[in-house]
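There are 2 protein chains.
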Amino acid sequence: MTILSGLRITECAAFIAGPFATMSLAALGAEVIRIDPLEGGLDYHRWPVTAGGTSLYWAGLNKGKKSVAVDLRAPEGRELAQALITARGEDAGIFITNFPATGWLDFEKLKDLRSDLLMANILGNRDGSTALDYTVNCAVGFPLVTGTPGETAPTNHVLPAWDLLCGMTAATGLLAAERHRRKHGAGQLLKIALSDIALAVVGDLGLIAEVQINGEDRARHGNHIFGAFGHDFETADNRRIMVAAVSLGQWKTLVKATGIAESISQLEQSTSLDFTREGDRFTAREPIAALLKPWFAARTAAQAAAALDSEKACWGLYQSFAQLVNEDPRCSLANPLFAQVHHPKIGATLTPGSPIDFTSCDPVAPGIGPILGQHTDEVLLDVLKLSSAQLGILHDKRIVAGAER
Amino acid sequence: MTILSGLRITECAAFIAGPFATMSLAALGAEVIRIDPLEGGLDYHRWPVTAGGTSLYWAGLNKGKKSVAVDLRAPEGRELAQALITARGEDAGIFITNFPATGWLDFEKLKDLRSDLLMANILGNRDGSTALDYTVNCAVGFPLVTGTPGETAPTNHVLPAWDLLCGMTAATGLLAAERHRRKHGAGQLLKIALSDIALAVVGDLGLIAEVQINGEDRARHGNHIFGAFGHDFETADNRRIMVAAVSLGQWKTLVKATGIAESISQLEQSTSLDFTREGDRFTAREPIAALLKPWFAARTAAQAAAALDSEKACWGLYQSFAQLVNEDPRCSLANPLFAQVHHPKIGATLTPGSPIDFTSCDPVAPGIGPILGQHTDEVLLDVLKLSSAQLGILHDKRIVAGAER
Numbered sequence: 075m076t077i078l079s080g081l082r083i084t085e086c087a088a089f090i091a092g093p094f095a096t097m098s099l100a101a102l103g104a105e106v107i108r109i110d111p112l113e114g115g116l117d118y119h120r121w122p123v124t125a126g127g128t129s130l131y132w133a134g135l136n137k138g139k140k141s142v143a144v145d146l147r148a149p150e151g152r153e154l155a156q157a158l159i160t161a162r163g164e165d166a167g168i169f170i171t172n173f174p175a176t177g178w179l180d181f182e183k184l185k186d187l188r189s190d191l192l193m194a195n196i197l198g199n200r201d202g203s204t205a206l207d208y209t210v211n212c213a214v215g216f217p218l219v220t221g222t223p224g225e226t227a228p229t230n231h232v233l234p235a236w237d238l239l240c241g242m243t244a245a246t247g248l249l250a251a252e253r254h255r256r257k258h259g260a261g262q263l264l265k266i267a268l269s270d271i272a273l274a275v276v277g278d279l280g281l282i283a284e285v286q287i288n289g290e291d292r293a294r295h296g297n298h299i300f301g302a303f304g305h306d307f308e309t310a311d312n313r314r315i316m317v318a319a320v321s322l323g324q325w326k327t328l329v330k331a332t333g334i335a336e337s338i339s340q341l342e343q344s345t346s347l348d349f350t351r352e353g354d355r356f357t358a359r360e361p362i363a364a365l366l367k368p369w370f371a372a373r374t375a376a377q378a379a380a381a382l383d384s385e386k387a388c389w390g391l392y393q394s395f396a397q398l399v400n401e402d403p404r405c406s407l408a409n410p411l412f413a414q415v416h417h418p419k420i421g422a423t424l425t426p427g428s429p430i431d432f433t434s435c436d437p438v439a440p441g442i443g444p445i446l447g448q449h450t451d452e453v454l455l456d457v458l459k460l461s462s463a464q465l466g467i468l469h470d471k472r473i474v475a476g477a478e479r
Numbered sequence: 075m076t077i078l079s080g081l082r083i084t085e086c087a088a089f090i091a092g093p094f095a096t097m098s099l100a101a102l103g104a105e106v107i108r109i110d111p112l113e114g115g116l117d118y119h120r121w122p123v124t125a126g127g128t129s130l131y132w133a134g135l136n137k138g139k140k141s142v143a144v145d146l147r148a149p150e151g152r153e154l155a156q157a158l159i160t161a162r163g164e165d166a167g168i169f170i171t172n173f174p175a176t177g178w179l180d181f182e183k184l185k186d187l188r189s190d191l192l193m194a195n196i197l198g199n200r201d202g203s204t205a206l207d208y209t210v211n212c213a214v215g216f217p218l219v220t221g222t223p224g225e226t227a228p229t230n231h232v233l234p235a236w237d238l239l240c241g242m243t244a245a246t247g248l249l250a251a252e253r254h255r256r257k258h259g260a261g262q263l264l265k266i267a268l269s270d271i272a273l274a275v276v277g278d279l280g281l282i283a284e285v286q287i288n289g290e291d292r293a294r295h296g297n298h299i300f301g302a303f304g305h306d307f308e309t310a311d312n313r314r315i316m317v318a319a320v321s322l323g324q325w326k327t328l329v330k331a332t333g334i335a336e337s338i339s340q341l342e343q344s345t346s347l348d349f350t351r352e353g354d355r356f357t358a359r360e361p362i363a364a365l366l367k368p369w370f371a372a373r374t375a376a377q378a379a380a381a382l383d384s385e386k387a388c389w390g391l392y393q394s395f396a397q398l399v400n401e402d403p404r405c406s407l408a409n410p411l412f413a414q415v416h417h418p419k420i421g422a423t424l425t426p427g428s429p430i431d432f433t434s435c436d437p438v439a440p441g442i443g444p445i446l447g448q449h450t451d452e453v454l455l456d457v458l459k460l461s462s463a464q465l466g467i468l469h470d471k472r473i474v475a476g477a478e479r
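Chains as they are written, first to last, in my numbering: chain H, 75 to 479; chain L, 75 to 479.
Derived by calculation from the structure, the hints in this document are not laboratory data.
Quick caveat: nothing in here was measured; it's all calculated off a predicted structure.
It cannot be assumed that every hint is accurate.
Which copy? The list can't say, so a pair holds if one copy fits it or any two copies do.
Claimed, not checked - Here are the simulated DSSO-like cross-link-like pairs (lysine-lysine), alpha carbons at most 30 Å apart as the crow flies:
no., residue 1, residue 2
1, 257, 185
2, 386, 265
3, 183, 386
4, 471, 386
5, 330, 183
6, 471, 367
7, 265, 326
8, 257, 419
9, 471, 257
With these hints in hand, go ahead and build the complete structure from the sequences.
Right under this line is the structure:
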């Protein structure tokens, strides 16, 4: 038995937050039914794509789900989708969407079909206006403190961090609401705005207080870790290594592994700083980095790694995506996170399952991205208990479609 | 009633992932008890700090929690912590730690005290070796594709995205495990490695497949949105605006708002591209940006905003943290996400609650970061049912401490 065996979730969503939420729950064993228009959703062709045009992004964010293709412009198609969203069962009636919750997706209308429906609506802004990861990120400060000190232009992040965090927050919220429904019988609408996800984090990390209490606007510190010591260094073989000394233990191991104890002691005396205090390490980040730079420059990455490991210092090697995939054993079948999964339109790739290891439940094998409409018939027969004749009529009228078109 | 009313979680953790997980659950109404050593945990002085040395970071990531201070080096203190972790109650027995699950934190030992314990152990790497957000991020590709094209040095992110996602994943995992325990009675140990969080996302977004199937190592595209159109532009008053045209609708509104339809049509003809296809917009990102640049340069940010809003185009203004706090209405009491919260050592600040709005449950007021040891007596009396006399002895022996020291 998997941790979420039996739970059924439906989804009308696109891009990252919504699909990532349900993908993550599917990876814990939930049955997830993604409902898409006949031609595929807004994200169906999102890059990266294969030479044949299949979206690797869509396949990745929808793996382990069932795909149902319905004409969502037709009233009959919308009714089918509503019936799937509100189908019976104490472990069903859980729905996620990032579309406007109006018209056929209006919560009150859906509640008429299932009174204890749990529905998560992911919004851009709380007022319903549009926002994407990119247009939220620019507003919340981080691009202006990312990148080389002295530059004034913003540096966007490439990782869609707010989308991912929003999706996982929605997953947490739906499980909290399902717990509440199980105890008290009540369904409800959850609203989650992407911009609120980012605003909350800015507050959680103390950045709002830094402005309001300290009167400070965080400066750009390049690759230095703020408030402690951490930086990247180039090695003799032109690789780069990131070292981190956030805790006192990490600081001691770094100093020992690199043999700079005496120079550090002199630096403490000349600056009247105490590097057992993390803030003092940050204050002296440039001279500390200057002491470490020649040590790395004199060693290959392998030599530096061996020395750092011998003292259990905290470090990491910079890798491109290709280097990660081709050279890092953590990104291989040696890591139980991954399995080799074959997708009929893509081929075989290293595919992750859930990063959570539930040690007393069966693991869920990493899923495969569905073919659009692959599960239309199966779901309509099983969940809505349609007859084969009814299903045939829906196909004939082009209200639904299977995988072969 | 709040969505997680009654749930009790204990925590022995530091830095971001663990504390963020429980902070997020406290913001949904769970009772969270953070157990720290008498002098505070590893993160107790983490920057940013006030002039008086109080950590704004610690206050932010622990708000809404109860703080218990115990001498965790003393066997008697460890037994008290174990008793709190394994205290009875069907809504209790949920524990999160990012410390090594050995010695007094060994899962099997704790299970002897409560057989259905749910324990989430956050690790650096799956093998138990150390890794932080910074040393994971460098390994998973993103720093080498962030920042100006042509640069070769990596650009670290400033947002601790992997930590935050790891914390929220742990929250999801614990609620999934609590659901399973409620249905089947079984406790369990959850293991979550920070590096697996990042590796899974690299796979989920199609980046592993891009290497393995397409043989491509993602290039650096600066502030361009990969695979669609999006970029930043400078305005006449030296502000910057990010525009995004990921969906076809967003593209049409952008073209209309900026009046570049004719030039775009000519560009499509001269390049034989079709900008209704998102990939073609990405291919022509430089000439498209060149068409938009003068439009922004000729307008103030306010003028550009008004024109973009009139067509409901998708855009955002770059803001520093101070600009966000001082100028953006979303980051103010006008947004129900926030309340003004007074912390005795910090003062009054705008403080976020949960970004999830459960429309049929009572909201949880944004919490306050506790004073270290503030709830020691309350928790030991209420949860462990100690007598005042027993409590007095523990204080006399300096096994526990309250807030006043």
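Hint by hint, here is what the structure shows:
no. : hint      : result
1   : 257 / 185 : both (19 Å within a copy, 26 Å between copies)
2   : 386 / 265 : between (44 Å within a copy, 21 Å between copies)
3   : 183 / 386 : between (59 Å within a copy, 27 Å between copies)
4   : 471 / 386 : neither (66 Å within a copy, 35 Å between copies)
5   : 330 / 183 : neither (66 Å within a copy, 35 Å between copies)
6   : 471 / 367 : neither (70 Å within a copy, 48 Å between copies)
7   : 265 / 326 : between (46 Å within a copy, 28 Å between copies)
8   : 257 / 419 : neither (44 Å within a copy, 39 Å between copies)
9   : 471 / 257 : neither (43 Å within a copy, 43 Å between copies)
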